[in-house]
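Position chain B relative to chain A; hints supplied.
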Amino acid sequence: MSEPPHPGLRPDLPAGRGREFSVIGKPLPKVDAASRVTGQAVYADDILLPRTLHCRILRSPHPHARIRSIDTSAARRIPGVQAVITGADLPVKFGILPVTQDERALEHEKVRYVGDPIAAVAATDEEIAAAACDAIAVEYEVLEPVMSIDAALANPKDERIQDYGGPNNIHKLVALEFGDVENGFERADHVREDIFFFQGNTHLPMEQHSAIATYVDGKVTLWSSTQVVHYVHRALAKVLEMPMNRIRVIGAAHGGGFGGKTDPFAHEIIVAKLAMITGRPVKCTLTREEVFYAHRGRHPVLMWMRTGVTRDGRITAMHFKSALDGGAYGSYGVASTFYTGALQTVTYDIPAYRFEGCRVFTNKPPCGPKRGHGTPQPRFAIELHLEKIARELGLDPVEMKRRNFVKPMTRTVNWLRVTSCGLDECTERVMKGSGFREREHGPGRGMGFAISSYLSGAGTAIYWNDMPHSEVQIKVDRGGVTAYCGAMDIGQGSDSVLAAVVAEELGLQPKDIRLVTADTDATPIDLGSYSSRVTFMAGNAALEAARKMRALLVEAVEATGRRIDEVSFEEASMLAEARFGTLATAGSYTPPKIAGPYKGSGVGPSPAYSYSACVVDLDADPRTGLIHVNRIWIAHDVGRAINPLLVEGQVEGSVYMGLGEALMEEQTFRKGLHKWPSMLEYKSPTFLDMPDVETYLVETNDPEGPYGAKEAGQGPLLPVIPAVSAAVFDALGVWIDEVPITPEKIVEALRRKDKGEPARYGPQRFPDIPYPTTIKVEPPPKELDRAAAASI
Amino acid sequence: MLRLPRFKYLRPKTAREAARMAADLGPRAMFVAGGTDLFPKLKRRQFEIEALIGLDFLSRSVHHGEDETVLDAGMTLAAASSNANLRANYPGYTQAAGLVSSPPLRNAGTIGGNLCVDTRCNYYDMTYEWRKAAGFCIKKDGDICLVAPSSSRCWAVSSSDTAPVAIALGALVTLAGPDAERQLPVAALYRDDGIDYLAKQPSEVVTALRLPAASETRTAYVKLRRRGSIDFPIAGCAVAMRLEGSTVTSCRIVLSAVASHPLEAPEAAEFLIGRRIDGESVKTAAEIAARPAKPLDNADLNHFWRKRMVRMVVEQALLLANDQKRGPDG
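Listed in order, the protein sequences are those of chains A and B.
Sequential numbering from 1 applies to the first sequence in the working numbering.
Sequential numbering from 1001 applies to the second sequence in the working numbering.
Isolated chain A, as found in the complex:
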């Protein structure tokens, strides 16, 4: 395919908002599309350096046990075994959050879930390593496992899972109140309470976690399938007790994360340590079963909520309680807990809001962030809860929700700053597209509606610091452009976004931009691909660096008495290089300091929020409870689509994942074990289960996003799940207040309905939880003051 010559730099650049773009907004293929589909992209498991050793990890067969002894002598005698390590070799604890440094790469004192790593072997091939693991003798003192929220709240039969937190196996308790909730309920004409349960599920990335490390000239290099090269870098330095400047972490081509590769993992530390011991490259690729144990997936969350509304459906107060089943370790759990209560206010104007959260430890693989981190569960609850309130009041649920939508340029009662907000337009688009209001009410046929919102990047870093969250350097020499950024492309297309931004500013095409990304030696920092932050933050950093570079080019050309659009890019760059020497510019992005004045306010703030609305159309068979989803309409306020093709991909991928969670995915346990750690038995939808999806992109041109852009990778998952349940009610007249919505639950709810019992399936009670004294927070002034608006 022949390409037209690029037009050179346009005099009207920087393009900025409202002007004509040459790259932004164009549905271009990903910059790495060809290598991905032809098998040329190099994933971590593809890397095979000379003399590579293979690592396997021995894992606990018990959900909860003390380790009495570990005998590795038989394993060491197996020919081909080069090294065997245990927890004594890596005693330093680590963890993603500074407040929960509770993991060891290998446990030598106590194991807390089936799959907890105990020992690791490096051998000349994987079979030998596996045989050696089987030959390691571990003596255990088996302890009573704690397998449910209720059990975790009770007095433990043996000992607690972790030695911090409490009482009993409680990890974290939160109680916050914004505004006068009591008064809000008094003002209400109608108050309703509901209880919901959202079962845990996992990310199921196509690529298993994989890492390979070398130790050369006193330096460790690690290639890994990770979303967070920087945090892995920090954890390696801590556990290996080495300065960060002797460790290099490189993100290999990525086969999917969805939040499941956002923690530093044991195997990453283990291969580095084994490389240091053996002096040879060491690789570890997890089995699919081990990926289920690495987990950090969706928390199972039990939720209770009470809402007061006026006669016309305006919310006067809301009280929300959550109990999260965290699994055995902290991971992101403290943040997850806050997230279950944070974003309710970002979609609905809630004048008084009380949130009580609790996370417990159980003897299961640790939960953490999965696409939507901590917010799909409360989103499921709040959307159905409001739907029920509307029906009780005889109001149209869509209309009642709409009356409560937040307005652009406001602050929520819990101090979250809302800038652009396309909720109304998103709702209108899916209403029209689906014909929701004119739908036919056939038996077994139903439609459901829900909305949601998500962050465009967390406003605070994981460890406290004042430095930028993303940095980009651009080098131009002899006409070539290279952009350097720590951002990790996990398939969402962050490399393509970087190339698009730089190309737009320099008057080039994305394919003209060379990229060096996710390499702690070669690139400036980016905090990682999590919290939907990369387009927003790395995009803004790239914009700044590119505009600085463009200014140099313009200055050099104008010094010759010509205009920038009169010379080619090559000539402009040579003039600039001659004039200024090495051409290098940098840009960075630091989110505004907008967190509220209270403890815990670091979770929730974001420089901008995306908004989504969704309608699901389905058939539900009253005899079998089987559901067939016919079609889904989804509108997403992305601010601006830098590349609409990629945004649509993210939206449809989110719909797919949300549908899987709504209908079938569940990480469940039996007798202390993961019930089915296999891709055949853990059900997620196939092509044949995926309906047509009608996607609408809504552009609200956010004042702070790069070219007005906001996130797209997580938010569109959120409304799908409650919309499915609402559609089931529309079809059959039963509420399924529990995810996943399986046929057996529908049949049971219908049976109860027939018997005259409440027509619902879901949890019956919320446990007594010793929440601490509520911290009362004065709400901020509601309208963003003009100065604040102007400053963004």
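Any given hint could be a false lead.
Below, a list of computed lysine to any residue pairs in the SDA-like style, where the Cα atoms sit at most 25 Å apart [unchecked claim]:
{"no.": "1", "chain 1": "B", "residue 1": "Lys1294", "chain 2": "A", "residue 2": "Glu748"}
{"no.": "2", "chain 1": "A", "residue 1": "Lys671", "chain 2": "B", "residue 2": "Leu1004"}
{"no.": "3", "chain 1": "A", "residue 1": "Lys675", "chain 2": "B", "residue 2": "Ser1152"}
{"no.": "4", "chain 1": "A", "residue 1": "Lys599", "chain 2": "A", "residue 2": "Pro770"}
{"no.": "5", "chain 1": "A", "residue 1": "Lys755", "chain 2": "B", "residue 2": "Lys1283"}
{"no.": "6", "chain 1": "B", "residue 1": "Lys1283", "chain 2": "A", "residue 2": "Glu744"}
{"no.": "7", "chain 1": "A", "residue 1": "Lys675", "chain 2": "B", "residue 2": "Ser1102"}
{"no.": "8", "chain 1": "B", "residue 1": "Lys1140", "chain 2": "A", "residue 2": "Ala135"}
{"no.": "9", "chain 1": "A", "residue 1": "Lys675", "chain 2": "B", "residue 2": "Ala1134"}
{"no.": "10", "chain 1": "A", "residue 1": "Lys675", "chain 2": "B", "residue 2": "Gly1228"}
{"no.": "11", "chain 1": "B", "residue 1": "Lys1140", "chain 2": "A", "residue 2": "Glu127"}
{"no.": "12", "chain 1": "A", "residue 1": "Lys753", "chain 2": "B", "residue 2": "Phe1304"}
{"no.": "13", "chain 1": "A", "residue 1": "Lys675", "chain 2": "B", "residue 2": "Asp1297"}
{"no.": "14", "chain 1": "B", "residue 1": "Lys1043", "chain 2": "B", "residue 2": "Asp1067"}
{"no.": "15", "chain 1": "B", "residue 1": "Lys1325", "chain 2": "B", "residue 2": "Asp1067"}
Partial list, derived from the structure: chain A residues whose beta carbon lies under 7 Å from chain B [stated by the list, open to error]:
{"no.": "16", "residue": "Glu126"}
{"no.": "17", "residue": "Glu127"}
{"no.": "18", "residue": "Glu289"}
Over 12 Å on every C-beta distance to chain A, these chain B residues come out as not near it, computed from the model [said to hold, decoys possible]:
{"no.": "19", "residue": "Pro1012"}
{"no.": "20", "residue": "Thr1014"}
{"no.": "21", "residue": "Arg1016"}
{"no.": "22", "residue": "Ser1081"}
{"no.": "23", "residue": "Ala1088"}
Everything labelled a hint here was simulated from the structure, so no lab data went into it.
Beta carbons: idealized from backbone N, C-alpha and C, even for Gly.
Frame of chain A, contents of chain B only:
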């Protein structure tokens, strides 16, 4: 990642040679045709063998005769399900073959292999490490059944989609042993035992499936599974039925995935003889057929729900068969 164990791969040229190898090696060897079920199980160490005896010599054709149609056992499920002649004469069989797993596996898996497919249980179809953590079960390495610990037997579930239709049709298999060849009704190929689920000699090779002429027989197979593809059946029903006018003159109903063997429901079939297929007769027949079905908590979804669903698949299969246009009455 999970690796295959080391094994010898033997390539006999004939079925008899293969059977002799199997007889010599005993439990140290297994046959492999498509391998779609076998290789994952080798990786999970559910099978531990020293040698695989390749069956790629098996032919893959269909032979249409007046009294019967013979399918060579090496025929892939994809080929069988798309064969126009088979689709016209044995729609229930081709439906079943087309519902096995997913397209890539149907392209490799054979019709002989599907008849012999191992029984399944979600305490058994797991990795060595998981089974070790759970405590090994009676079917492999252990001595109790983890689904029904008080029981002395294995309750793994027959999961072949094609066997129930073959039984309903009264089909035979050709078995080649080390010394002789014999024919056996498919119904006699299975035992009600999760471990020793096949009644043939371990050394015998299934070389052909013989479907009796069925120009007037209506056949149907209904499979229940969670997803539109990939999954094994969690309940299924095969029906082969003849009508005179609209009256049932002969009928066989066979269930899949509700016992350790394909479960025939003769009382339900008997009930239908002399009756018309209508809402009421179908409902009663389905109730009778479902009675002996005994789903346990060792497959996908809740087993109480699966038990209820057995009635539904029977009803659907009967109605589907009834709606077919067949022979002179059709």
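Ascending list of hint numbers which this structure does not respect: When the structure is compared with the hints, numbers 2, 14 turn out to be violated.
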